[in-house]
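K.L.:
Here is how the chains run, residue by residue.
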Amino acid sequence: MKKLVLILVSFISLFAFSSEVELFGNLFKVMFKKDNIKVYTKNYQTLGVGLKVVNSCKEADIVLGNVKCANKPRFVLDYYSFKHNKEAIGGFYWRKGRPQLRLRKDNLIKYKLFISKEFEGYLN
Amino acid sequence: MIGLSLFEINSFQKTKDKIKEDIFNDLVVNVENLASNISFYIDKNYNLKNLKNKEFLKNRLDSYLESFISHNYKNLFIVYPKKNSKFFIALADGSKKEKFDFREIFEPLAKEHWQKVTKTKKPIYFKQKIKDIWMTYLYPVFENDKLKYIIVIDFSTKPLSLVSRNLDIFKSNVVFFTVVIFVSIIVLLVFLVYDYKRQHEMQHLVEELKELNDTLEEKVESEVEKNRQKDKQLMMQSRMALMGELLSMIAHQWRQPLNTIGGIVSNLKLDIMLGEFDEKKLGGVLDKIENLILHLSHTIDDFRKFYREENENDYKSIKISKIIDETLNITMPSFKTHNIELILNIKNDDEIYTMPNRLKQVFLNIIKNGLDSIKERDIENPYIKIEVFKEDDKLIIEIKDNAKGIDEDIKDKIFDPYFTTKDEKNGTGIGLYMSKMIVEKLNGKIFAYNDEFGAVFRIELKDNNGS
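So the sequence lines, in the order shown, correspond to chains A and B.
Quick note on numbering: the first sequence equals residues 1495 to 1618 in the working numbering.
Quick note on numbering: the second sequence equals residues 6 to 472 in the working numbering.
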C-alpha cells in the first residue's frame, strides 16, 4: 500500500524526469524483487534510485524504451509503442496530459516477473 | 489616507473577486451548456452500444467533437467506465492531436473527483494543477441510475487570469492615482492655507497702509494748514511791519508840511497880536496852507493805495515806471532828507500784467533797506540806482546802492524769514522773505549780490504783456 501511494504520488505531483525515474525504480524493484536493476536504454544516461544503466543488452535485466534488444523484458515509454509492441511487459506514457501506466500480465508471467497486489490494477 | 487606501483596496479586492467569480461562473455555464448539447446530440444521433462497438461511429462522433476544440477547450473526449476496473474506455475524442484510439484504455487523474461524479451523478469541475489555467469539467450522463458515459472537457480559465492581471494593473493605477490625487489635495490645501494667510496678511497690510494714508492725508493737510497759517501770519506780520514802515514814512513826510503849517499859523497869530495883520497877504497864506493840506492828503492817498489789500483777482496791466513812481512818492522825502541821489534808468517801459501793490511792497522794502544801509554806514555821495531793461524775454528790475554791499557771511540768509541785521525795534526780518515770496508768486525770481559799489537786488519778471 505504501509503495502504491508512493507511485501514485509520483504520478500526481511531478510528472517530470526525476519522478518517472523514481517510478521506474520502484516498479522494477517490485517486479524483479531486488534492489539493483540493470537497465538497458537510450532514453536516459543515468537513472539512479537503484537503477543502473548498462551499455549492453546482454547485461541488462530490463530494456527501457525502443532500443534494440531481444529476449529481455521491455518497458516502453509511449502509447503507440505499447499498442504495437505486444511483447512489452508494460509502458508509461502521457495521454491528454494524464500519465498512464500499463502492465501486461501475460508478458510479466512469461518473464517470470512479480506483480504485487498494488499493481494489479494496472494490469491490462 | 491609510484608512482610505485600505478601504479602497478592500473594496477593490471584493469587486475583483466578484468579477472573477462572475466570469468563472459564466465559463462554467458555457462548458455545461456545451456538454449538455453534446450529450443531447449523442443521445439523439447514436446508439451507445453501437458506438462502443463500431469504430466508424466513433470516428464520426470524433469529427463532431473536433468542431468544438479551440484555445478555450484543449481536450474534449468521452469515456465510459470499464467493468470492474479503475480504468475508463474512450468512446470519442475531439482532439486533433493524440486522439484516443477506438476503445483505448484511459486512467484519469484526480480519481477522487471522478468517484464523486459517479456517486453524486452531478457535473464537477476541478483544477488540473494548482497554478494551471486549465480546469477539467466532468459531465456524467446516467440512464436508469447507471453511468453511461462521462463527457470530459478541459477548459481554459485564461480569461480569469487576464481579467485578474488587468484588474491588478488597474488597482495599481488607481492606488497610484489616489496617492497622486491625495498628495495633490494636500499640496493644494497647503497652498490654499498659505494663500489665505498671505491674503490675510496682505489685507492687514492694506488696511495699515490705508490707515497710514488717511493719517498721512490728515498730517499733510495739517501741515499744509499750518504752513498756510504760518504764511498768513507772516503776511500779517509783513503787513504790520509794512504798516509800521509806512506810518514811519507818513510821520516823516508829514513832519515838514505840518511844521510849515505850524510856522505859518504861528506867524499869522503873531501878526494878529502885533496888529500887523495884512488881509491882502491872508489869501496867499491860506493858499499855502491849502496846498500843504492837499499834499498831506495826497500823501495819505499814496499810503492808502500802497496799503490796500490785494487779492488774487487784482492783476492788471500796468507800466513798471508807474509802479516805481508810486513807490518813490512814498520814499522820496527820505532820499531828500539824507541827500541820497536817485538814479532812474528805465530802458523798457512796456506794460506788464502783475499785482502792482505787491510789487510796490517789494520795491519799497528793497529801497528802504538800501536807505537804511546808506544811513548806517554813513556813505559819501550815496545813491540808489533803479534800472529796468529787457533780457531774454524777461523784464529785469535792478535796484542798486553804493552802501558797500551785503556781508558775505549773511548773504545766503537774507531771504530767510526772521533774519535781520537790525535791532528788534527797527527790523522784523520778514521784509526780504516776503519780497521773495511775492516775486515768486508773480512767477518771477529775485537775487541779491554785490557789485563793486554795493548791493544789487535783481528782480526778473516774465514778460507776459498782459497775458
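FYI, nobody ran anything at the bench for these hints, they're computed from the structure.
Treat the hints with caution; some may be incorrect.
Said to hold, decoys possible - As a list, the in silico SDA-like pairs of lysine to any residue whose alpha-carbon atoms are at most 20 Å apart:
1. B:91 x A:1529
2. A:1577 x B:109
3. A:1599 x B:91
4. B:54 x B:89
If you're wondering where the values come from, they're calculated on a predicted model, not measured in any experiment.
K.L.:
State for each hint whether it applies.
P.N.:
Hints, verified against the model:
1. B:91 x A:1529: Cα-Cα ~29 Å, so violated.
2. A:1577 x B:109: Holds, at about 9 Å.
3. A:1599 x B:91: 16 Å, holds
4. B:54 x B:89: This hinted pair holds, its Cα atoms lying about 18 Å apart.
Checked against the numbered hints listed earlier, the structure breaks hint 1 alone; every other hint is satisfied.
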